[in-house]
Structures are given as structure tokens and as C-alpha cells.
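Student: Chain by chain, the residues:
2 protein chains.
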Amino acid sequence: MEVGTAGSPVITEDSHRLAAEALERWTSLLSAAHVVTDDPSRKAAETATFATTQKVCAILRPGSRDEVQECMRIANRFRIPVYPVSSGKNWGYGSRVPVADASVLIDLSRLNRILDFNEKLAYVTVEPGVTQRQLFQLLQDRRSALWMDATGSSPDCSLIGNAVERGFGHTPYGDHFAQGCGLEVVLPTGAVLETGFGRFPGSQAGPAYKSGAGPTLDGLFSQSNLGIVTRMTIWLMPAPEHFEAFFFQCNREDQLAPLVESLRPLRLQGILRSTVHVANDYKVLGGIQQYPWQETDGATPLRPELMRQLRSRLKFGAWSGSGGLYGTRGQVAEAKRAVRRALKDKVDRLQFLDDRRLAFASRFAKLYQFLTGWDLSRTLDLARPVFGLMKGVPTEKPLESAYWRKKSLPSAPMDPDRDGCGLLWHAPIAPMEGRHLDVVVEIANRILLEYGFEPSISMTLITERAVACVISICYDRAEPGQDDQAMACYRHLRQELTDRGYYSYRLGIQAMSEMSGPDGHAGLIRAIKNAIDPNGVLAPGRYEPAENRESSKATASHE
Amino acid sequence: MEVGTAGSPVITEDSHRLAAEALERWTSLLSAAHVVTDDPSRKAAETATFATTQKVCAILRPGSRDEVQECMRIANRFRIPVYPVSSGKNWGYGSRVPVADASVLIDLSRLNRILDFNEKLAYVTVEPGVTQRQLFQLLQDRRSALWMDATGSSPDCSLIGNAVERGFGHTPYGDHFAQGCGLEVVLPTGAVLETGFGRFPGSQAGPAYKSGAGPTLDGLFSQSNLGIVTRMTIWLMPAPEHFEAFFFQCNREDQLAPLVESLRPLRLQGILRSTVHVANDYKVLGGIQQYPWQETDGATPLRPELMRQLRSRLKFGAWSGSGGLYGTRGQVAEAKRAVRRALKDKVDRLQFLDDRRLAFASRFAKLYQFLTGWDLSRTLDLARPVFGLMKGVPTEKPLESAYWRKKSLPSAPMDPDRDGCGLLWHAPIAPMEGRHLDVVVEIANRILLEYGFEPSISMTLITERAVACVISICYDRAEPGQDDQAMACYRHLRQELTDRGYYSYRLGIQAMSEMSGPDGHAGLIRAIKNAIDPNGVLAPGRYEPAENRESSKATASHE
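Residue numbers (my numbering), protein chains in the order written: chain S, 1 to 559; chain G, 560 to 1118.
Each hint should be verified, as a subset may be incorrect.
Claimed, not checked - Simulated pairs of lysine to any residue, SDA-like, Cα-Cα distance not exceeding 20 angstroms:
hint, chain 1, residue 1, chain 2, residue 2
1, S, K120, G, A704
2, G, K950, G, A704
3, S, K391, G, K950
4, G, K950, G, E626
5, S, K43, S, S28
6, S, K336, G, G829
7, G, K950, S, Q269
8, S, K120, G, A816
9, G, K895, S, G330
10, G, K903, G, N810
11, G, K679, S, A257
12, S, K120, G, E992
Just so you know, these hints were derived from the structure itself, not from any lab.
Quantities reported herein were computed from a predicted structural model and do not represent experimental measurements.
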């Protein structure tokens, strides 16, 4: 970063609108090393995986909760909108880019301490900068008998960041916000609160139980702009006596609905205790390779006819799925029987995989293929990270698919923002019935192809009753016009899905203002926001309907 | 009720402080039949299972959500505090008695429609007047393959009332507030909101998924005075292929800690998917009979020495426990093995019971005892309702224990308020470690006996990591001085437990103002309350720290 003669950051062209005095206060609080204002850093922070116009005036990097509180007090004094990010890897939903223009980022990655670890009661208490990789390493170092739950995003993602966005993973602890408690939150004014029993003096049960007496506030701080979560307890699962994964494949598109009808009872009965992921062919291909530029002579999108040829050549189905079985050996054996029964006649291939078989298969892939007919070489490449995720092992692998439309291979460390990967995610929730999924698939297929994109879809049986239909619009931002095209596609997709009643469980920054508004729910959130953020400085616009924003008091002009 | 010449309710002595005009408005809204002001009805509503002084001015019985909204608007116009109850059976925590004096009750029992029932996705949507009995009957009538979860309170308890108080039951769906979604809430001003996806037009996933996009508000309406829940979706569990209960017994007091240490891994590993209840000897005896007045020559409390004799004579242990195993036959068999292994050397008796064995045992109790040595006659009386509860069958049986210190038998229908049963509950949460439970038990035993009451305790392994230690102070309100003595005991017990860090998951009306206050949590709730209930009319004082109440604007004087 550039430092002026007086040791304070240079006020550059883009940041000149920032009240110089606020910047001085922040700098004297954090030291110049932790107030970033140089052009390249700010530009990087203004870059998502789709077109954005918001400017970032500066990046503050507090090192403690006290500093976060003081940062907020300064923001209030000068009425400057600030936007907190944990690791900032919210790819496909806006990365680090603030919803409001001319915001100051508060980057929480220096708050990266693991504050508590309890093997017996199976939890860890962390700060927002703690990543999946860090927690996994801790568990390895301690030779812990506990598993974490990991998302398919980067190992360098923040645990808290994902949890407060209500992200999900792959084990029975896959609902990240539900599987935790005891939030410490810095409110917009700089005050701090704790949720659950932890707020009571000397309390014993804080990390072990979700609610204290009185209203439960945790939900207010997920997908919101009501506070900055600076600490959270995350529950961990004991490694089961035995783990086994199952992988299945359907050759025809129309097998999805009956498949889900057969899986629902297993989810409801608790035989399947974790999510089942079912991906369409486009999604699977994106996990195997980049766009087949040569075979298509550079034409896009990849038409269903060619996709069918690729499926047959590369030996994957119209739908491919996976799930995990956790328990004692006997329980897993029992669950296997139930899965086999449920999927009989519903899938064209069903394979179980455990550690022993995976190790064996890796060593004898060719022989194995000969013996079983199962194409292992490619399957193992695909299966290993998925298998790992079901055991809570973070992996970089799924991130590669963000480079689908790029013309060169991803270089390490992958950074979709930096590399111009185009990615827009939309994840409507549907009740777990085949008929709903058919509607969503029809809409996604039709609209994405119409706009020239591949309809990459995965269906996650996320709870006992609901499916998260994750649709990604993947493109190359370096191609002229594609940013606009993708956004138009996104808006069309979103509109048609909500017209049919399918709303996303999570929103990108481009869509937050379009949340339906004029009801009591929005009114209550507005009332809360006004009461606790009188200057409207904390992440204005984040998960806020447009009409709520009008009452937001912080603006971009601070002259 | 008394009706005046003009058809409006007579303003009686106790209700004269009520603005006559408000009463007129309510009466013209609901009709005189649903505005109750007669003395006996008001007196009954002012009666809990412990001493209270709050007066009830009138009881409003709205029949629809619209009427609830209009009731709130009138309350605001005249600044009269109102206090909503669903079925009003919050025994041991304050029954129907409002926290603030001179309140008007809003009795929601006429909102008793089951609005939706979905066998496939396993849920039911109900109004607050719907009781456990009603839902159970619906499931029977429909020959449903779904089970509800029931509390050990009366079959006539409200489902929503228990859920919003965060009550718990006995099956894997025992966390009543967690196992539901889609709240419809009338806010203090009369506005209405829906939580989750249900608030979006045409949404499909409302009853199937907890959160919509943006902050999750559900928790605000549990244990609070921020809104009146007028609708909720309650998830149901599919009847498992097989169910089996286990019952165990420890002869010595000091067996609790090692027992819990052995059960924790089973809870954490998901082998035990539901609560395990462990009751001490006093609790068990209270389930079998009333106080042994003859044997003690009328003296109280029942001393541990005599308790040990009774245990040996009636063949129960220092600790008796039960839990349920749910799943396929194979899973249950597997879980049985795990329970057997875990409890080996930890308990003095372990017995498994399924439907078949229960039917057999009931028919051949004597023979069974001869063959197995297990005292069945009494055990079956105790086991049957517990067995039923683990299958979601509501029962009146546990309520009998509220009559423990009475000198006559309970008469049907039981009504502890009417019958002068003294009952104060306190339910601190402890982390699931034996050492914590030993501390709680020591404190409860010492203090209750010191004040002349029997320390009746049950330990519920309520989640994977926490135990709800339910302590009841049970007495006869007809005995002079006992109300004061019980309350003094309660306060002492509560103080010593909180000094050691054990806080109750739920509070009685007498304790709500003592919630620890001067922190950000209380401040945020106060800010929300002020923002959405500007006149402070909705249940002032309910789960509100004393310092919050000072800002409450509704008072008892409306002249």
C-alpha cells in the first residue's frame, strides 16, 4: 500500500470521497499496515465473479473484537458505510463486493484464533477469520476423533462466514448455522452482545446449548446487516465407527423425480442422516474438465445432443448422485440395504465406497474396472474429493469448475475473482417432491440454454423435507458482452422461478434489493435496523428490500 | 358471565379500572359471549400453582386471526396491557397468570383449526388453540403413518403454546420449537407477519423449510413478548419400522455421573436420537403415589432414610431412566447392542420393551415376574405412559404428580390451578458431563430438604451436549405458609444454581424480571420491543429484565 509522508494512507482518486478524518482515526486505531487504500487492493476487492460497479474506499483489517467495535464507532461518527467480510470468498454471490457503493470493507481475516476446543462435548469456538483448513489442521494435529463439516468451496473459506450465510455441507452436521451457537456480535453502534447462555455471568452451558432464557436472537445475525459475528461455537460430530459413501447414476433425465420420491422416505426416517447431492450432466462435466472448445469449434452453449455423446463417451449419467452413511458397522450395513432397496429400478448404477475399497481401487483401478465394469479411473478422480467432503475433509477440487468457460487452466492458488471467472449462483428451495424438481429443471434448462449458457444444476436433499436446487451460470468474464448476458439470464431465471413459487435460500448482492418487501416481515426488520443502526452504516442494502433502504441513513457522500 | 342491561359486560369491582370504552369496543368486536368478566372466571385466571397477586380485568376470546389483530389495535388505542395464552396450561411456570398486574387475557383457545395436513412431507399446520389431543386424534382418524411428539403435560395443552415456550418431548422430534417453521405472528400493533418462505407470494417451500432469504425471525417469538403466534407448521416424524424402549435403574445415588458419561457418546453418535430421561427416587415415587402421609404420621419432608426404605419395598432405584430406539429392525437391534454395552456396569437393571412384549407382559404380569424377576405390576403402570410418550401418545398420567402433597386423590378433569396444587419448576441446563449433574443434584437435594420439600429431579439428555435438570418444588397450597416457603425455596435454589453457572432454559412469571440485564442482549431486545410495541401493551414483563420494563409504557392505570 502507498503511505504518505505523514505515515497515513494516501487519499487516492477513488477514495477521495472518504472523509479524511475517518481514515486518520482508523489508521491511528489499526496502524497504517492495516488500513489498505492502494489501487490494486481496492480494485481486487471491487471484483466479483460478475459485473459490479460498487467502489471500495478502503479496507480495514482489525485484529481484535475491540478494534472491530472501535471501527464501528468511527464509522458512525463519520456516517461511512462499512461492509464486513470474513474470508471474502462468497463467490457466485458477490465475493467481497459491498452492496452499497463507496463502502469501506472490514476484513475480519486477522481475527483468526481458535478460542476453545472441547473433544468431550465436541465443539470448537472460533473467530471469523478461522478457515476450514485451520480447523481441519487442528483436528489432525490433536488426533481428534471428531469430524468437521466442510463446504465444497475453498479450504480457505471462513467457517463463520459460511455459517452466517446459512451455507451447507455434506455430513449430518451440514446445516452450518444450525450446528452452532453462542454468537458474539458487534452491533452497528459498536456495542457487543452474546447469544445463548453465554451472556449470563459464569454460565456453564454456553457452548453446549443454543438458546438462553428469553427470545433467541441468533437468526437475526444470519443473512443480515444487523451485526458482525466475531465469535461462534461450532459443533463437531464424532467420527462414526464406520463410514460408507454411495454413488449412483441415472441415464435418463426423467429419472430425477422418481429417484427423489424414493429417497425422501430415507431422509425422513433418518436412515440418510445427511444431504444427498444429485448433479446433472453439465454439473458433472464441469467437475471433470473445462468447456470442450475443440469439439465445439468454439461455439457455445454446449448443446444437449453433444452432451449426450459426451456422457456416453465419458461414462456418466443424466444424473449422478452421492450420499454418506454414518454409524456403527451394523447401522451402515442396515442403511446400505435400505438404500439398495429404495434405489432399485430407480438408478442405472449404484456403488458403495468405503476407505478400504477406495484405497484398494486407487491401487488397482484397471483391474477393478475389469472385475466390476465400473469405470474407475475417472470416477475416482471425481469421487475422492466428494468422498472426502462427506467425511468433512475440505478440498479445492470443486472450485475448478468456476474455470469451466476459461480457455486456460486454473493456476494456483485459484481465485475466480482475479481470473475473470464468470459465476452466478441461484439456489431455490423446493419441497422434496419429484414434481417440483421437474419444474425447476425445465425452467433452468430452457432459460440457460436460451441465453447461451450450460444449465449446470445440482439438487441437494438439504433437509428431511426440502431440496436446494443450485443452478450456476458459468461464463468467461473476458468475453465481451458476457457479463450483461449472464445477468440478463440470471434475472430471467430468477423471475420465472419465483413466479412458480421457488425462492432462493440465499441471494447474491445483485438481487438483495429485490426481496419482496411490503409485508410485516420487512417492516419488522426495518424497525430493528433503524433501532440498532440509526446511522445505517453497517452493510446498507445487505439482505434489505429496496423500500427498506430508503430509510437507510448512510450515503456515499460524506463531504 | 354477567351481562348488563345494554348487553355489555358489567364492570365489576376488580375490572372497574379497565377503560369502559375499551371493553365496549372489544365486546362489539367479539360479542359479549367472548368477553368474559365474571368474578369466578377472572379469579380462576388469576390462579397459578404458586402465589400470585396479578389481577385479570377481563378475558377476550377472539375466534380468528383478524380478531386477534383488532384486539391488539384496541389495546393500543387504550394502552391496556394484554397477555395472550394458548391453552393456558403453563403449570409450574405461571399457568395463565399475566406477568403484569391488571392485564386483559387474550385466550386463543378458539383458534383451534388444523389448517393443513401433509402425510407425504410429514407436517401439520395449526392454530394456537389446537391441542395435543386434537392432533393425536387427527393422526388416528387418518390412519396416518406419522407420529407426533407429545409433552408429559396434559393432552389438552396447546401445541404452539408449548413450542413457543421451547418445551420438549420424548421422540427424535422432541425439540418442539426447532421441529417447526412458518410462523404467522400478530405483532403488538396488530400488524401481521409470516416467517420463512411463506411470506413470499405463491411460495412452495413455506411449510418444508425453516428460513427464507434474509434474517431468520422465528427465535424472536419464542419465550418473548414480541408477538402472538397465530399459526405454525409442526413437522411430524414417520413412524419407524420398529420402536423399542429401554428402561434402566441404578440403586445408588452416585451412579448418575458415570451413567451420563456413558450415555453421552451414544447421544453424540446419533445412536440415541431422542432424549433420555433419568429421574431420581422422589420423582419416581411422585409418579406412583401421593405423599405417604400415614407412614410419616403427617410429617414432611420425606427424609432420605424413609425414601431408601420405600425404594427397597417398591423396587425402584436411586435413579430410573428411559429412552427410545427408533429405526428399522436392524437399526434398533444394533442400537440395543450399543445401549447394552454402554450401560454395562453402569446400571443395576436394564430392560427393553416393545409393543409385543408390552402386550404380553400386560397379560401375564405375574408369570413374567416369576420368569424374569422384573416387578411388572407396578413397573407396567409406570412404564405404559412413558412408553406411549416415546411414541408420541399424549397422556394425563404425569400430571397426577402435581397432586403429590394433596390429601385427597385428583378428580377428573385434573386442574392443578383449581385444586390448589403447589408446583414450581426450575430447569437449569448443564453441559452433558457427570460432574455438572453432581453439582446440580447436590444443590437441589440440600436446599429442597432444608425448606421442607422433596427434591424431585429429572435429568433429560435433551440434546447431544446438554442436560435439562428439571427440579420441581411440589406442595399443597392449602397448607398455611407453604406458598411463601416454596417461593423462598425457589429463590434460594435459583440463586445458588446461577451462582454456579446453571441457568434455567425457561422461567416462571415470578422470575422473569430477574433475568440478568445490563448487557447488549437485553439492550437489543429492549430496542426491538420499543420499536414494535411503542405502547408496551403486549405481555409487559414477559421474559423481560426488570430494567427493560421501566421503558414499558403501558401501566395499570388507564383512567
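Student: If a hint holds in the structure, say so; if it doesn't, say that too.
Tutor: The hints, checked one at a time:
1. K120(S) - A704(G): violated (37 angstroms)
2. K950(G) - A704(G): holds (12 angstroms)
3. K391(S) - K950(G): violated (32 angstroms)
4. K950(G) - E626(G): violated (36 angstroms)
5. K43(S) - S28(S): Roughly 24 angstroms between the alpha carbons, so the hint for K43(S) and S28(S) is violated.
6. K336(S) - G829(G): holds (17 angstroms)
7. K950(G) - Q269(S): Distance of about 14 angstroms is within 20 angstroms: holds.
8. K120(S) - A816(G): Status holds; Cα separation ~14 angstroms.
9. K895(G) - G330(S): holds (11 angstroms)
10. K903(G) - N810(G): holds (14 angstroms)
11. K679(G) - A257(S): holds (14 angstroms)
12. K120(S) - E992(G): holds (9 angstroms)
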